[in-house]
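Novice: Next come the chains, spelled out residue by residue.
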Amino acid sequence: MKQDELAQLEQEAFRAYNSDGAVELMLGVGFLLMSLILWDEASTGFVGTIPVFIILGIRAYKRKITHPRIGYAKWGEERQRKIRRGKIWLMIILLTMAAFVFLFFALDKAGFIGEQMSDILLPYLFAPIIGLAFCMIAFIRSMPHFYIFGALGFLLTILNRPWHIHLWLILLLLGSPSLVIGIVRLIRFLRNHPNLGVQEV
Amino acid sequence: MGKPGRTKDAGYTGLPELNRLIHEPARLLLMSLLYVLESADFVFLMDRTNLTQGNLSTHMSKLESAGYVEIRKEFVHRRPHTLYLLTTTGREAFLRYRDEIRQVLEQGDLG
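Residue numbers (my numbering), protein chains in the order written: chain A, -6 to 194; chain B, 80 to 190.
Looking at chain B on its own, in the form it has when it is part of the complex:
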């Protein structure tokens, strides 16, 4: 089995294979946010991404099942909070995606 989110594309092979799971705009924004933050709760992610509760939930489930996002329960000001954070796998996948997309854009510039 390949890496999560990777698709076998038989097309043009000159460009690097992009991680489709991260490439989706809403999930890219979520991954970017969680990359720059240590962790964030559901409401914070909803507010920053303008996604609906259902949409965000679906995207987070996908990222979680790929092992990119981890859920942690913590007490913040004596209240329970469910916080989302990137796993090491998630961070690595995000960095790899960044390199790949940069390569794609650089190659696009040559044309």
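Chain A with its partners taken away, still in its complex shape:
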């Protein structure tokens, strides 16, 4: 077996493991929940806890649905390095986003940024970060369709002010297709990988 054939074998195994729709489904549910919360404007503070529920949801999903059907594997050194690198970058992106939010609102409160300026700046500040966050998910999980979500997130954030697209609508527009893709992938996964009920051997 040639090296590229081995790499292909590993890639196919990784793709199969991630073909369960877990990430799409949980992100979809998470975004729709965020959208609902922001639309209602009742408890916007709760939005920050949603990513934690998404991560816990993916783990539970893998344990209950994926592992009994497709099993569990620990990836090779190269893949682990790639995942680790991706996670670090994702963390950097999210921390940068948090720092920008903090800095922006601190400067805004201190009166350094006018209302007009804030309207212009805000989308350009967040759009690349939102786009990059999706691209990192696509990179870590080898899920190319998340690059489309990245582009969509970037565009919608840029158009946020001129087109008066509210944040809850952006989240709804990102969450709905993610949820639909997740459901379709889950159905396909359940059909292709029935639970054989194999106990520990």
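Since the hints were made in silico from the structure, they are not lab data.
A couple of the hints might just be wrong.
Stated by the list, open to error - Partner residues aside, some chain A positions facing chain B, computed with beta carbon under 7 angstroms:
id, residue
1, E3
2, R56
3, G64
4, G104
We treat Cβ as the ideally placed atom computed from N, Cα and C, and that holds for glycine.
Chain A is already provided as a structure; the job is to place chain B on it using the hints.
Specialist: For chain B alone, kept in the frame of chain A given last:
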């Protein structure tokens, strides 16, 4: 005693002696999978190879008794998992097999 899986073949000696234990298609696939992964459980190997539970069990036993595969018990998400991984001997045997089969194919190309 010779190396595990090696057969004494008195035939044509121009070609390298292949490791028959790895040369079997199902076991070659299993060895290849375990070579690119750190470890995998029984269900994962079954899913990737399309082997039945009995067949996979037999192949894994053969690889294990040759010292190519090791079994490790671990907790994954607080559940016990039996994971299979290649031993150093197994990795070396797989790499050696790769070189040998490459040689065989290259020599075949000359003809």
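Novice: Look at each hint and say if it fits the structure.
Specialist: Taking the hints in turn, this is what the structure says about them:
no., hint, in the structure
1, E3, "holds (4 angstroms)"
2, R56, "holds (5 angstroms)"
3, G64, "holds (3 angstroms)"
4, G104, "violated (50 angstroms)"
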